[in-house]
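Residue strings, one per chain:
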Amino acid sequence: MSRTTPSLGFGLGLRVEHYDEMLAGDPTVDWLEILSENYMVEGGKPLHYLHRLRERFPMVMHGVSLNIGSVDPLNPDYLKALKRLADSIEPAWISDHLCWTGVDGAQLHDLMPLVHTEDAIAHVVDRVRRVQDFLGRRLVLENVSSYVSYRQSEMPEWEFLGAIAERADCLLLLDVNNVYVSGRNHGFDPRVYIDGVPAGRVQQIHLAGHDDSGPVIIDTHDAPVCEAVWDLYAHAMRRLGPVSTMIERDDRIPPLGDLLIELDRARSVAAPILRAAA
Amino acid sequence: MNALLDLQRRFQAHVLGSAPPLADAVDPPGADASTRLRIYVDAYRLRLIDVLGNDFPGLRWLAGDDGFDRLCRACIEARPSQHFNLRWYGAALADFLESGGSERPELAEMARFEWNLTLVFDARDEPIVTEADVAALAPEHWPAMQPRSHGAIRRQRCRWNTAAIRAAIDRGAAPPVAQRLDLAEERIIWRRRRDVRHRALEVDEAAALDAIGDGATFGDLCELLCGWHAQEQVALRAAALLRRWIAEQWLTALLAV
Ligand SMILES: [Fe+2]
Numbered sequence: 001m002s003r004t005t006p007s008l009g010f011g012l013g014l015r016v017e018h019y020d021e022m023l024a025g026d027p028t029v030d031w032l033e034i035l036s037e038n039y040m041v042e043g044g045k046p047l048h049y050l051h052r053l054r055e056r057f058p059m060v061m062h063g064v065s066l067n068i069g070s071v072d073p074l075n076p077d078y079l080k081a082l083k084r085l086a087d088s089i090e091p092a093w094i095s096d097h098l099c100w101t102g103v104d105g106a107q108l109h110d111l112m113p114l115v116h117t118e119d120a121i122a123h124v125v126d127r128v129r130r131v132q133d134f135l136g137r138r139l140v141l142e143n144v145s146s147y148v149s150y151r152q153s154e155m156p157e158w159e160f161l162g163a164i165a166e167r168a169d170c171l172l173l174l175d176v177n178n179v180y181v182s183g184r185n186h187g188f189d190p191r192v193y194i195d196g197v198p199a200g201r202v203q204q205i206h207l208a209g210h211d212d213s214g215p216v217i218i219d220t221h222d223a224p225v226c227e228a229v230w231d232l233y234a235h236a237m238r239r240l241g242p243v244s245t246m247i248e249r250d251d252r253i254p255p256l257g258d259l260l261i262e263l264d265r266a267r268s269v270a271a272p273i274l275r276a277a278a
Numbered sequence: 279m280n281a282l283l284d285l286q287r288r289f290q291a292h293v294l295g296s297a298p299p300l301a302d303a304v305d306p307p308g309a310d311a312s313t314r315l316r317i318y319v320d321a322y323r324l325r326l327i328d329v330l331g332n333d334f335p336g337l338r339w340l341a342g343d344d345g346f347d348r349l350c351r352a353c354i355e356a357r358p359s360q361h362f363n364l365r366w367y368g369a370a371l372a373d374f375l376e377s378g379g380s381e382r383p384e385l386a387e388m389a390r391f392e393w394n395l396t397l398v399f400d401a402r403d404e405p406i407v408t409e410a411d412v413a414a415l416a417p418e419h420w421p422a423m424q425p426r427s428h429g430a431i432r433r434q435r436c437r438w439n440t441a442a443i444r445a446a447i448d449r450g451a452a453p454p455v456a457q458r459l460d461l462a463e464e465r466i467i468w469r470r471r472r473d474v475r476h477r478a479l480e481v482d483e484a485a486a487l488d489a490i491g492d493g494a495t496f497g498d499l500c501e502l503l504c505g506w507h508a509q510e511q512v513a514l515r516a517a518a519l520l521r522r523w524i525a526e527q528w529l530t531a532l533l534a535v
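Sequences listed follow chains A and B, in order. With this note's numbering, letter number 206 in the first sequence gets 206, and the count goes up by one each step, no holes. With this note's numbering, letter number 80 in the second sequence gets 358, and the count goes up by one each step, no holes.
It is possible that some hints are incorrect.
To be verified - Here chain A is said to cover these stretches of chain B; the calculated rule only asks that three of the stretch's residues, wherever they fall, bring their Cβ under 8 Å from a Cβ of chain A:
(1) 281-295
(2) 361-370
Claimed, not checked - One side of the interface only, derived from the structure: several residues of chain B facing chain A at Cβ under 8 Å:
(3) L326
(4) P358
(5) D403
In case anyone wonders, no lab produced these hints; they're calculated from the structure. Small disclaimer: the values here were computed from a predicted structure and weren't measured. Cβ atoms here follow ideal geometry from the backbone N, Cα and C, with glycine treated the same way.
For reference, chain A alone in the conformation it holds in the complex (with noise of 0.2 Å):
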């Protein structure tokens, strides 16, 4: 049984750079998503354009800094932030990531991988059950891409993932990128990740670009979404049916135009296969 809320459709991340255009246009965006931290402010231009761009859109809120897989405890004061950020646009739903960002109070701004273990399963199902309460809504938690794994790991990542999402009764948020660039950088096949995650589960659908230059493939998101990630997302809408899509791009923003162009793309990928299973 499917515990989503009903498909938006294809989105993209907000971005400073498109405000107006947004704004001016009628560009074929179903809906937006935010980086929470970035409206997590008193006012001016940042709150004005939210608000203005909220009039026209849906939008879901999609933070970096829950730390929700840290041993520090849960921060009041960024709960407390979301929460209030939530209050005031009514998001679709709220997102952060499957990670720890930092301990002992520190803030390292990245989304360090965890231990797969069952340990790390009951600490972060606690932590995850006790956001859910204090928002009064699902959280969902979205995979990230890593660089190492640990040795002490006692299952591959969507064994952890799903486990999470089953025991919180969380909601997912399928990072295709990430999925590939962790296969590729420890070896494992990204179709079994995508087939391994609990499929009712999943809210959203992130595609992003990535670089791979080095001997690791690092998640950049600042370039188009390559063939291979492409394949990969037909391969997840074969197994998901329809879920809200996005162009995740943070970094050499390109004209809105160019997204929109990428964005066609994805539905241009989705539409066969979900009129085949229709």
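Since the structure of chain A is provided, determine the placement of chain B with the ligand on it from the hints.
Frame of chain A; chain B with the ligand shown alone:
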């Protein structure tokens, strides 16, 4: 839990630069592990430097690209990031430079100035007093009326041509060389229609603004302005200042006491 704690502490200590790579804990082992961990070590610094570069273009210009990179790295080593939001790390850089992070005083002044610009940019929205509010005020209420200034306003005493350098950069023009001013100036940084602005204050204007911060009434301002103007001029000057402040959007209320 203890295993989780131990792993995160060792990982973080390595990223922060105070511990060797946890090569025994990560796969694949050996030299490849340090190469892979290096990605996290570099990303922490590069992400902070990137944000600082966006918020401190004047400082980067003064210090040069390499100098700026060195300053940021020294700051990051001395003051690890503590706030969940990257946006607040700039405060650490301004503090670092003011507490001896550089031999050049113009760098510390620029860093503080640019941090003030950043603070004003997304400070709280408040109501703005308009000309109509002034017009609605009966003459007999003027002396006891308390103007209240907008919370987003910041002030800074500048001894260098910091503001001119930053203004040139914002215009996309070639900045002037750093120069000590003959006379230090009192600058105000604020937001008008959501755009961040700054300008120098006249001496009496700065004193009058300080006074309303302390709760002065319009009558008090007139008295204060006697320090600069003839008795018969002070009411005019006070009214002119008030009108200018309203036009600049510095006032959030005119309280009738
Ligand atoms: Fe993502």
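Now for the hints, and whether the structure bears them out:
1. 281-295: With 10 residues closer than 8 Å to chain A, the stretch 281-295 of chain B meets the three-residue bar; holds.
2. 361-370: The restraint on the stretch 361-370 of chain B holds, since 5 of its residues have a Cβ under 8 Å from chain A and three suffice.
3. L326: Interface hint status for B/L326: holds (7 Å vs cutoff 8 Å).
4. P358: This hint holds: B/P358 lies near chain A, its Cβ roughly 5 Å from the closest one there, short of 8 Å.
5. D403: The hint holds - B/D403 has a Cβ within 8 Å of chain A, the shortest such distance being about 4 Å.
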